[in-house]
Amino acid sequence: MRLTSPDFLVARDVGFGYPAKGRATPPAVLAGFDLAMTEGELFCLLGPSGCGKTTVLNLLAGFLTPTGGTLTLDGRPIAGPGVDRAVVFQSDDSLFGWLRSIDNVAFGPRMAGVPRDRRNAVAREYLKLVHLDGQEDKYPGELSGGMKQRVQIARVLANDPKILLMDEPFGALDAQTRTRLQDELVDIWGKTRKTIFFITHDIAEAVLLADRIGVMTQGPAARLREIIPVTLARPRRRGSPGFGEMWERINALIEDDAATESLT
Amino acid sequence: MSVVEKPPRVDALPSPPSVIAQRRRARLRAMLGSEYLLYAASIAGMIVLWHVVSTTFFKPQFFPSPAVVFTAAVEMLRSRELFEHIGISLQRILTGFVLGSAFAAPMGLLMGSIRKVRVIFDPYTQFFRFVPSIAWLTPVVLWFGIGEVSKVLIIIYTTTFIVLINTMVGVANIPPNKLRAAASLGATPVKAFFHVTLPATLPFILTGMRLAMGNSFATVVAAEMIAADTGLGYLIFNSRLWMATDKIFIGIVCLGALGLITDRFFRYLIVRFAHQYGPIE
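Line by line, the protein sequences give chains W and G.
Under the numbering used here, the first residue of the first sequence carries the number 1, and numbering increases by one thereafter.
Under the numbering used here, the first residue of the second sequence carries the number 1, and numbering increases by one thereafter.
One thing to keep in mind: the hints can contain errors.
Covered stretches of chain W, going by a simulated chain G footprint (3 or more residues, C-beta under 8 Å) [said to hold, decoys possible]: (1) 44-55; (2) 87-96.
Using 25 Å as the maximum straight-line C-alpha spacing, the simulated DMTMM-like pairs for lysine to aspartate or glutamate come out as follows [claimed, not checked]: (3) LYS178/G - ASP137/W; (4) LYS178/G - ASP84/W; (5) LYS191/G - ASP174/W; (6) LYS178/G - ASP133/W; (7) LYS138/W - ASP174/W; (8) LYS178/G - GLU142/W; (9) LYS191/G - GLU136/W; (10) LYS191/G - ASP93/W; (11) LYS191/G - ASP92/W.
The following residues of chain G were derived to be distant from chain W, with all beta-carbon distances above 10 Å [unchecked claim]: (12) GLY45; (13) ALA73; (14) VAL131; (15) PHE144; (16) LEU185; (17) ASN215; (18) ARG240; (19) THR245; (20) PHE265.
By construction, these hints were calculated from the structure, which means they are not laboratory data.
All of these numbers come straight from a predicted model, not from anything done at the bench.
Yeah, the Cβ is synthetic: ideal placement off N, Cα and C, and Gly gets one too.
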């Protein structure tokens, strides 16, 4: 694992609230959210549904603008969507149904003005990386759920971003497909050395994938409660030594948080 | 559109483009071919029913049988009179329909995509879509005369609002993730419009056009009844004065058949060229 200084992706005191009618200050979804990511690391953001995980991702992607605090990637402030940050969505409705999978993957290079031959070569290469060689001419509607998520992953890799932002990308898949894609993601991460920010509510998934797991507090006004480094050797299995203990530890943390919340 | 290009492959797999073409042909066959007989039988059944009902319950002057109508139609075809009516009606419909769609689809895309444009034009859309084209017949004839211009304008009008509103609905239905994905993949707003908004909306535009085609048929008849001396609407209305029910039925059958054929053709185009843009039926 390459550990450089933890200032690649930095969120400092970030706050966010959706504007509400008749209120000067919108109710906070996030407040005092701090995060520092190292280049090349696989970071999992873990938290219960509705705690604001996706809001964090939308802020990092530039789809939303924070109401307070600063966000920087590689020293540059984040303002609006940009090709340095690529997003893999949970839902496959982000694929372009009228384009063949190869053209979906080549979309980013096409926007950048890369000529057809070159961008098709790049797209073919990344489709191969996600084990979709031979499916180049299929439309998304002709692919299974797992294949569509592979197309999404290939599509963001083809654009060579600095960081991958993944929003529960395997959440809607069946258990077997999910397990395979988790393994493949670790594999791809190993090959490409991309920095990955991965959202999940599945503790086992986070333990399986992450270098570090950031556990969020329950919303509203959510922030990062604790960051837990996962030092288990890779490749990891659910039965690996230490896996269960790690799972229990994180689960206890979340339950403890839920208990505190319900008391207040 | 999916330009089927040959990738420079050397492996032994069957070439994917031919597989896609095969699948597409199979889909077309399934839609048009296998139910063809049933379709024909249904039409034949309708003609038989028409014959039975008209000869059993009605005097021929009130409800002519298919045979009577067919004989009269042959007569009109021989004198080329029917061709003239059909030709001029079709010409009016298609001109108005094409011009109306060509105006309404881009307008709907703009109104759907740009809030300010929507706010400016929404009152007009919501106002005029409730005023049927027939209500405009007299003013339009007063302003533009009884020539072709008036009739085509009326059909443009009737086409516009249906295509426009369908297009706007299409834009509103684009999943936000598609536009977000495009933006983070480097699409500028203008590129996102042409590469995402336009193709994602195409099925809605085509559906709007199919609906508008039906309204164009209804409108042309109304326009020709009031201000024309040719066309199927004129044929129907003028025959009324002479109690020529057989000719009225010729007009009715021609309208229905033309509508059915154009709709089939439209559906064929959608299935053939735009099936991957989204499910239509």
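Comparing the hints with the structure gives:
1. 44-55: Since three or more residues must qualify, the claim that chain G covers the segment 44-55 of chain W is violated, with 0 doing so at under 8 Å.
2. 87-96: As far as the segment 87-96 of chain W goes, the hint holds, because 7 residues have Cβ atoms under 8 Å from chain G.
3. LYS178/G - ASP137/W: The given pair, whose Cα atoms are some 20 Å apart, holds under the 25 Å limit.
4. LYS178/G - ASP84/W: Satisfied, since the Cα-Cα distance of roughly 18 Å is no more than 25 Å.
5. LYS191/G - ASP174/W: violated (35 Å)
6. LYS178/G - ASP133/W: holds (24 Å)
7. LYS138/W - ASP174/W: Holds: LYS138/W and ASP174/W sit about 22 Å apart, inside 25 Å.
8. LYS178/G - GLU142/W: holds (18 Å)
9. LYS191/G - GLU136/W: holds (23 Å)
10. LYS191/G - ASP93/W: holds (19 Å)
11. LYS191/G - ASP92/W: holds (21 Å)
12. GLY45: holds (37 Å)
13. ALA73: holds (44 Å)
14. VAL131: holds (35 Å)
15. PHE144: holds (40 Å)
16. LEU185: violated (4 Å)
17. ASN215: holds (27 Å)
18. ARG240: holds (49 Å)
19. THR245: holds (50 Å)
20. PHE265: At roughly 22 Å from the nearest Cβ of chain W, PHE265/G sits farther out than 10 Å, so the non-interface label holds.
When the structure is compared with the earlier hints, violations turn up for hints 1, 5 and 16 and for no others.
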